[in-house]
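K.L.:
One-letter residues, chain by chain:
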Amino acid sequence: MKKQYSDEEIKAILSASTTDNDVINQKMQEAYDIVRERATAQKKNEKTFRKVWYGLASTAAVFVLVFAVGATNPVWAANIPIIGSIFQKVQELWNYGEVPKEGVVSLETEEPEYVTESEGEVYLYQATANGVTFSLTEYYATNQAVFLGMRIESEEEFPSFHEIEENNLLIQLFAGADVSFDENRLSSGHGYLEGVQIDEHTYEGVLRMDFKDMEIPETFEMDFHIMDVYIYFANPEKTGLRHETFRADCKIENIPIKLSGDAGRVIEIDEVNGDGVGLASIEISPIELTINPINENSLEELVTFAVVLDAEGRKLEFGDGSGENVFAITGRDISTVTVYVCEWDTYMGIKGLALEEDTSLFQNALEENALYKKVIDTTEE
Amino acid sequence: MELLVKKAQRGDAEAFVALIEANKESLKRIAFSYLKNEEDIADAIQETILDAFEHIKTLRKAVYFRTWLVRILINNCTKIYRKNKAQVNYEYTPEEVLSDKTGENFAIFFSTDLEFCDLLTRLPEDSRTIFQLYFGEQFTMSEIAEILQINENTVKSKIHRGKKLLRNELENGGAR
Numbered sequence: 001m002k003k004q005y006s007d008e009e010i011k012a013i014l015s016a017s018t019t020d021n022d023v024i025n026q027k028m029q030e031a032y033d034i035v036r037e038r039a040t041a042q043k044k045n046e047k048t049f050r051k052v053w054y055g056l057a058s059t060a061a062v063f064v065l066v067f068a069v070g071a072t073n074p075v076w077a078a079n080i081p082i083i084g085s086i087f088q089k090v091q092e093l094w095n096y097g098e099v100p101k102e103g104v105v106s107l108e109t110e111e112p113e114y115v116t117e118s119e120g121e122v123y124l125y126q127a128t129a130n131g132v133t134f135s136l137t138e139y140y141a142t143n144q145a146v147f148l149g150m151r152i153e154s155e156e157e158f159p160s161f162h163e164i165e166e167n168n169l170l171i172q173l174f175a176g177a178d179v180s181f182d183e184n185r186l187s188s189g190h191g192y193l194e195g196v197q198i199d200e201h202t203y204e205g206v207l208r209m210d211f212k213d214m215e216i217p218e219t220f221e222m223d224f225h226i227m228d229v230y231i232y233f234a235n236p237e238k239t240g241l242r243h244e245t246f247r248a249d250c251k252i253e254n255i256p257i258k259l260s261g262d263a264g265r266v267i268e269i270d271e272v273n274g275d276g277v278g279l280a281s282i283e284i285s286p287i288e289l290t291i292n293p294i295n296e297n298s299l300e301e302l303v304t305f306a307v308v309l310d311a312e313g314r315k316l317e318f319g320d321g322s323g324e325n326v327f328a329i330t331g332r333d334i335s336t337v338t339v340y341v342c343e344w345d346t347y348m349g350i351k352g353l354a355l356e357e358d359t360s361l362f363q364n365a366l367e368e369n370a371l372y373k374k375v376i377d378t379t380e381e
Numbered sequence: 001m002e003l004l005v006k007k008a009q010r011g012d013a014e015a016f017v018a019l020i021e022a023n024k025e026s027l028k029r030i031a032f033s034y035l036k037n038e039e040d041i042a043d044a045i046q047e048t049i050l051d052a053f054e055h056i057k058t059l060r061k062a063v064y065f066r067t068w069l070v071r072i073l074i075n076n077c078t079k080i081y082r083k084n085k086a087q088v089n090y091e092y093t094p095e096e097v098l099s100d101k102t103g104e105n106f107a108i109f110f111s112t113d114l115e116f117c118d119l120l121t122r123l124p125e126d127s128r129t130i131f132q133l134y135f136g137e138q139f140t141m142s143e144i145a146e147i148l149q150i151n152e153n154t155v156k157s158k159i160h161r162g163k164k165l166l167r168n169e170l171e172n173g174g175a176r
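Chains as they are written, first to last, in our numbering: chain F, 1 to 381; chain L, 1 to 176.
Hints listed in this document are in silico derivations from the structure and should not be mistaken for laboratory results.
Just so you know, these numbers come straight off a predicted model, no measurement behind them.
In silico lysine-lysine, DSS-like type, Cα no more than 30 Å apart, as pairs:
hint : chain 1 : residue 1 : chain 2 : residue 2
1    : F       : LYS11     : L       : LYS163
2    : L       : LYS156    : F       : LYS11
3    : L       : LYS6      : F       : LYS351
4    : F       : LYS351    : L       : LYS36
5    : L       : LYS79     : L       : LYS6
6    : L       : LYS57     : F       : LYS351
7    : L       : LYS7      : F       : LYS351
8    : L       : LYS164    : L       : LYS36
9    : L       : LYS24     : F       : LYS351
10   : L       : LYS6      : L       : LYS57
11   : F       : LYS373    : L       : LYS79
12   : L       : LYS79     : F       : LYS374
13   : F       : LYS11     : L       : LYS24
14   : L       : LYS6      : F       : LYS315
15   : F       : LYS89     : L       : LYS7
16   : L       : LYS164    : F       : LYS11
17   : L       : LYS79     : F       : LYS315
18   : L       : LYS57     : F       : LYS101
19   : F       : LYS89     : L       : LYS6
20   : F       : LYS351    : L       : LYS79
Excised from the complex, chain F in its bound form:
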């Protein structure tokens, strides 16, 4: 037995090839078979499935805003139509599809409108910190979330832009919000900013700010706090992830928000079964459906996962950046929805059936395994 290992020897040992293992090989083969089946099913559903983004834990004390920036076809700042265009830019990128135009409100419609100065545009709702300017341009508000159009400009080029392969960049912001209808800072929720790169200094995107579990009034004011900017880029030395962090501590105050005309509605259920599992309510807006499940045993480590099937028995997918329990409904028949709440591990065991062409397989598995089920006719007033 050697008495010492050099770093190189440790590397050699820990990167050695492993021997074949039948159990592992078999499980991998099973997974490959499922992947192939799912790929076939996905192709059939290609028209209705857009890019799906999954959220982070919904208990985060800050909003986590992420957007990917593609600069394959950069549009330079001088050529950009600034106002009202961000939702159009992202509609092809996200699961929600087209946001109802009549519901989009420009934040530049009131006096004073933005003015053009020699150094660039000045927005009504704007803040600058450490050379980075955040400008809010438009929003779309429902009873579940506010989708906020935002422009970010940096005096200096965003770092290491040129090192990024394919000119793609991932930016993460940490931010929070105060709302006038709740004295406490909005302490939960998050959203992804889906966006496009304008140039080395500029990004635009839409942030989904989650108001789940809150009763949003028709009009309110919001203060938007931005704390940190994380810019992720390729490690030039090897494949991997690096990021730089910028403190961008600033606040955009008194943003007037008014819910869109068709802001959505809430269907109260308020039902709990003998296992302490149930459903408080569902919330429906033109683009998403939120469920508010109940798990009275969460402190006793019963972890649950909720699934919603549309009227055709197809599983609804999460909305972009929305986290669990919020589903995109664009193109789906939600006249009737069925909510199932399962024990987490049980759901993980059956979730693969969701992409089977025969939707009854998944539904049957849910029927057999769910801790709670509720069929809801959403057309009833």
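Following the hints, complete the assembly by docking chain L onto the known chain F.
P.N.:
Frame of chain F; chain L shown alone:
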């Protein structure tokens, strides 16, 4: 690899399978650093494959595929680890170096010789995965911090302490 990732993101199952096969050894080694038996390792890898395929469209940059895949694997290993009621303890004691893994048992299915397994069993439980990621899979400390969601200084510290402990163990005890 990036072309394969893009194909996989467009739903090409064979491209995805090729990507997993290219990373199969890493997946096995990393899962081994975490889990105790081949069934658990097989389950973690299977779940990782399925999760990765389900979520691959959320991967913004193809270049991050490997880091992203390992992150999913670690999450699945953690779930299984917790499920087995094994306790993750980030403050280790020298006694914990002597784990219930035996090099001989794992060498049967993992390595052609005992060295790999013996080396891992000599490491503190919480340092095994870090060692594997750093030395075995050549991730940077920064990447490991990202993957494991821990502070980069913690990674540095655990590598340093692990090496020291390993050196002491070998000097004092030799083979178990």
